[in-house]
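S.K.: Since chain P is already given, all that's left is putting chains U, Z and F with the ligands on it; use the hints.
Here are the chains, one letter per residue:
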Amino acid sequence: MSRHQVADGLLPEPVPVRFVAEDGSAAGPPTGDQAGDQGGHRAEHRAGYRAPADDLLVDAYRRMVLGRRFDRQATALTKQGRLAVYPSSRGQEACQIAGVLALRADDWLFPTYRDCVALVARGLDPVEVLTLLRGDWHCGYDPAAVRVAPQCTPLATQTIHAVGMAEALRRRGEDAVAMAFIGDGGTSEGDFHEALNYAAVLRSPVVFFVQNNKYAISVPLARQSAAPALAYKGVGYGVRSEQVDGNDLVAVLSVLTEAVRHAREGGGPFLVEAHTYRIESHTNADDATRYRDAEEVARWEAADPLARLETYLRGRGLLDAAGVEAAHEAAEEYAARVRDRMNAEPETDPFELFDHVFAAPTPQLREQRALLAAELSAPEE
Amino acid sequence: MSRHQVADGLLPEPVPVRFVAEDGSAAGPPTGDQAGDQGGHRAEHRAGYRAPADDLLVDAYRRMVLGRRFDRQATALTKQGRLAVYPSSRGQEACQIAGVLALRADDWLFPTYRDCVALVARGLDPVEVLTLLRGDWHCGYDPAAVRVAPQCTPLATQTIHAVGMAEALRRRGEDAVAMAFIGDGGTSEGDFHEALNYAAVLRSPVVFFVQNNKYAISVPLARQSAAPALAYKGVGYGVRSEQVDGNDLVAVLSVLTEAVRHAREGGGPFLVEAHTYRIESHTNADDATRYRDAEEVARWEAADPLARLETYLRGRGLLDAAGVEAAHEAAEEYAARVRDRMNAEPETDPFELFDHVFAAPTPQLREQRALLAAELSAPEE
Amino acid sequence: MRTSASTSMSMGQALNAALRDAMREDERVLVFGEDVGPLGGVFRVTDGLTREFGEERCFDTPLAESGIVGLAVGMAMGGFRPVVEMQFDAFAYPAFEQIVSHVAKTRNRTRGLLSLPMVIRIPFAGGIGGVEHHCDSSEAYYAHTPGLKVVTPATVEDAYWLLRDAIADPDPVIFMEPKRLYWSKSSFTPGERRAPGFGRAVVRRAGSDATLVAYGPGVPVALQAAEAAAAEGRSLEVVDLRTIVPFDDESVMASVRRTGRCVVIQEAQGFAGVGAEIAARVQERCFHSLAAPVLRVTGFDIPYPPPKLEHSHLPDVDRVLDTVDRLQFDDRPDVLHLRREEAAS
Amino acid sequence: MRTSASTSMSMGQALNAALRDAMREDERVLVFGEDVGPLGGVFRVTDGLTREFGEERCFDTPLAESGIVGLAVGMAMGGFRPVVEMQFDAFAYPAFEQIVSHVAKTRNRTRGLLSLPMVIRIPFAGGIGGVEHHCDSSEAYYAHTPGLKVVTPATVEDAYWLLRDAIADPDPVIFMEPKRLYWSKSSFTPGERRAPGFGRAVVRRAGSDATLVAYGPGVPVALQAAEAAAAEGRSLEVVDLRTIVPFDDESVMASVRRTGRCVVIQEAQGFAGVGAEIAARVQERCFHSLAAPVLRVTGFDIPYPPPKLEHSHLPDVDRVLDTVDRLQFDDRPDVLHLRREEAAS
Ligand SMILES: Cc1ncc(C[n+]2csc(CCOP(=O)(O)OP(=O)(O)O)c2C)c(N)n1
Ligand SMILES: Cc1ncc(C[n+]2csc(CCOP(=O)(O)OP(=O)(O)O)c2C)c(N)n1
Ligand SMILES: [Mg+2]
Ligand SMILES: [Mg+2]
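Residue numbers (our numbering), protein chains in the order written: chain P, 16 to 396; chain U, 16 to 396; chain Z, 506 to 850; chain F, 506 to 850.
Simulated from the structure, these hints should not be mistaken for lab results.
Nothing here was measured: the structure is a model prediction, and the numbers come from that model.
Each statement offered as a hint is correct.
Estimated spans, in silico, between C-beta atoms of each pair:
hint: 1; chain 1: F; residue 1: S511; chain 2: P; residue 2: R87; range: 44 to 50 Å
hint: 2; chain 1: F; residue 1: A759; chain 2: Z; residue 2: D531; range: 56 to 62 Å
hint: 3; chain 1: Z; residue 1: L618; chain 2: P; residue 2: A68; range: 31 to 37 Å
hint: 4; chain 1: P; residue 1: R329; chain 2: F; residue 2: E561; range: 48 to 54 Å
hint: 5; chain 1: Z; residue 1: G584; chain 2: P; residue 2: A375; range: 19 to 25 Å
Partial list, derived from the structure: chain U residues whose beta carbon lies under 8 Å from chain Z:
hint: 6; residue: W152
hint: 7; residue: H153
hint: 8; residue: T168
hint: 9; residue: I232
For every residue, glycine included, the Cβ atom is placed at its ideal position computed from N, Cα and C.
Chain P extracted, bound-state conformation (with noise of 0.2 Å):
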């Protein structure tokens, strides 16, 4: 037996999974270095992933023009004070997009601070979406209404939910899976490794989705792991494990599909590790420029996973002129709905404080509540 048989069927594909080449162009050469063993490479990975069905990858392409445009104002709402923060996902889009187009409607998605362009794109109110970051409360959404768990911020505590959550559905028999989002920063906290534990031993019907967008903050890939590829952390568990270009929506949705058709028939967790990257800093707060450099950007920014899309589309024509604009046009009208609502100053009632931290509350909140109303009601000095 030769020493890597033991981990087959967890090994990731040598270089990430691929349908969409840079120039949009079908199969295209992946990237540089091992061009010449990529076609038994494609036909492996072909093998394994079945490209999505073509409305979907035009559905998908128009809520990716959505989706942009919504990340787009939300950083502009930032600009005009409507929103305390916001942490854009610009160049993230084939990966906020497939994430849960992969998933259904009853399937839980645990996503980050990161993702607000996905959940705007599995249909949430974008307002309820920004709800956190404007400021008037924590999470603005009914996360059981809608199957997703609050954004979280604590970094990967949001995955062992997630299993727990998987246990939870497949306890109470249905089929549906869970997907926690988490960063490449994310995955160093001890809560990702728990995680993937519990889900390799309980074979609970989640995956992790792991956004590698090659920097926490303004600390590099590089200093977050030594790793062949965050992919490869999946062995050490015995989760099946797979690395994708993840500015190739069609690659992508097509690997995402399999990890969830694989949690979702009992085979187990499933880690996806996604190559993109953050085209904005951090957040607005933040400035890139004291970490990296502009040619980096630029880049990154020549394999737009919109652009590449868009012409893959074209090319294969199932996208016309007329399509692209129409999905402009349906982004625009959105966009202008939600600077339109976010305009509006939202109500805010300080004695819904002591409302929610406990079903009902304590003596001692009674008590705290009743010196608010007074505080408040007191004549102005």
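M.R.: Below, chains U, Z and F with the ligands alone, put in the same frame as chain P:
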């Protein structure tokens, strides 16, 4: 490029490295199923790992005899109420002894509560080692003097301390390494993951030595991990890994020696998993019959590391009846000295409770010390 | 074990009965943690649950406390009622982020749309000769965290009913089990409930000269001290808090207003502990009824001692009585006494 | 940035200067954490350190707080003096086990043979419109843990000197930095030291009618309240604790014995917080000097509010003044006043 080449140099052997068969014969047929390709397999690992020098093996044998006798003595002391508790490492002596023989005096060891035998094998005063378990203080030896950290109870927390120490040694220009012992259960804790990742990113001179004794108290390995073997956990960090027959001292010492060399010479961290077995209950307070059957224990007693080494050394003419007897006599004397010294009730000073909280006691601690003084000087009612 | 007829049982057995009865009555109740399955927990509190309810409802997890609590959070979101065990107090610390940032805050975060009905059982405090990390009194960390209810039984009956209440509660409960009382026995009938619910303290012994406020492991110490004081002709009232959060101001203040003096007993290191909160509240609310400052009897501000020295650290009857003696009792009628009587009448 | 001449600088700059000067003076001082390298920290407190001292002495770690603190423990064991940054208060929770079970206990565990001279810097508390998890007041968790010194500056000068002292201290120090004061400016000269060391509180404003005890972010609030009260003819003394552990009983009690009244200010949720400890201590030690109960002004017992509601939660001048008004001032000479004068004379 094949999907495996990427992980080459990281993946462990498909079956545990072994030099001595269970019957004590050299290079005997390894565990069951894959007998077929063992020839090639042996050659492969023989190439990578050199057998230790004969005199070192004989020395190791003497220490194993002594270590086992010490372990038996410690268990006896619990029955006499001389120790609050004792976690036996009976059956794990090949790991305990090889772990310390692979280290130089200037290397740092980070042991757990399970590793008393390793500590006495390193030459620590057995009574100082037992201080923790006797309950007169939390650590009885001077860690800096012997370069052994206090035996660690919070699982896996010591692995990251070892990385920090390795970094300190490297920055001080010493070519010493740090070795952290950890159990199979401990590998599930987040700190183990963080330690492996930190060590890999920093390329720290540290060796992680997992004694996989198949149980975490009552929890069997199958509920702890779904990985092909715990050694595979190194791959996802870019850490070179190996697995070894933990009841074959020759193999454990050979692999750990290579791991230490690798770390010392700047190759970065190395993860070694030793497959062994905890013959006794978790501690004298535990009752292993509640969760495992005698037949399983018997199977492992048949693979006793001490008997295997003895047969091997005799077979190679390195040890004779006289040598065996001498080793046992030395061990008896040692155990007798330990027993006598442990029978003396230790001095404890309640006021010491205030002496080491800070370098200098705070006013609050001085007050509290005075309160205790008043209590102790008050006439007994 | 039958749990309907009146039997003499230990606190550990009462906790076991509470888990069993809750699991029988509610399919959604699950038990998991380290060694809680076939072994039945290192203190045997989960003994027999896997046998009766199967692997799906009582199981061993991989060894990771943040994972245990995080898994419970996800399962509670998914409609279950997990009851998890932290093997010892100090081994709950790896789960601190999950507890403080999620367990305590999820209901509030979601405006009550997502609740987390879950119980985290923590064997805590010392007095059993345990080595380091096995005897921490960690209740203050949780009591200081908004969104957590913090409960600790001092009697066998409370162990049963407070755990039943904790499991039935719509909010997360940190259930602190005083290790040294696991083996304390008394006869009780799970069928007939006498114990009050959350937020209600109980006067374990009536007295008129001073009030001893205690909880968990401190309650037996308080009762012994009251017994000893009675022999010296001093009448001490003993109040058992039972739940630290919510706190029963009404019962505590009523007692202190009656007696005019108060000593708070807490095994944990004193600084910024629960006892500090109690002392602060009592003097805030009963200032003019107090004939003397509210005094605290606590452990010292030191790491928990090694087994051979724990007796010097633990608040005992003598330390309580010495403190009571410092409550400025004297015969001269003094304004404060008068004020107290006014207040009382 | 030159640090010898007198300059007007912000608290953030003073902290940066303290780190730089300590690193210049002692090779063993290292700085690491998340984004502390090229970026200079999200609050720029480590700005320029990697440039001046190189990757080996100021570097970014992988993203894991338990790892950061555990690495510091190992390096401190190995003879270095790590100063680590937790990016925000709530992101120190993953390191809680390392802090409580190792950082706080290693010296004691080894009878003083292994000490851990290290500093854990934690930007804490709110008032900056931060979203959830970025505004926790977590000082009580550390203050309650024996073996940790807990420090929090309220002035630019203290920021510099207390951090220098923390780095020079032979024991681990939790250094809590009030986020909202990072941008507060004042002119000071690192060269000339006026600030006292650990364990010494400072009277920031003298007064005779009541004592306001505060620390960190509460100090400016106390000073504003005292200013406003003065306008109404009430003289309030403001005591800045500076170090919570060790605690300066002497200064606090001396002030309260003089004024006979005390209000404790703390931004954190009140229950079992540091303010409870202060109130408990003051009434224990100054009972007969007190004309009124020691009152607390704190945040509510709720998770930190969203940005738009934090102003309702944070203790402000009005809440302090309202509380001072509840200190039972009246003109009738009363026994307590007399007692107070006796005590004072
Ligand atoms: C436990 C924890 N530590 C630190 C932080 C502060 N923080 C917020 S985002 C971030 C970087 C995360 O990087 P990554 O996981 O790659 O996600 P990305 O922001 O790139 O999408 C950090 C350090 C946090 N939110 N939680
Ligand atoms: C953080 C933490 N959680 C739980 C425990 C309680 N505990 C002590 S030993 C043990 C089992 C450890 O198993 P393993 O790592 O395999 O080591 P072994 O005892 O088998 O040598 C447990 C759960 C602990 N010491 N620390
Ligand atoms: Mg990232
Ligand atoms: Mg084990």
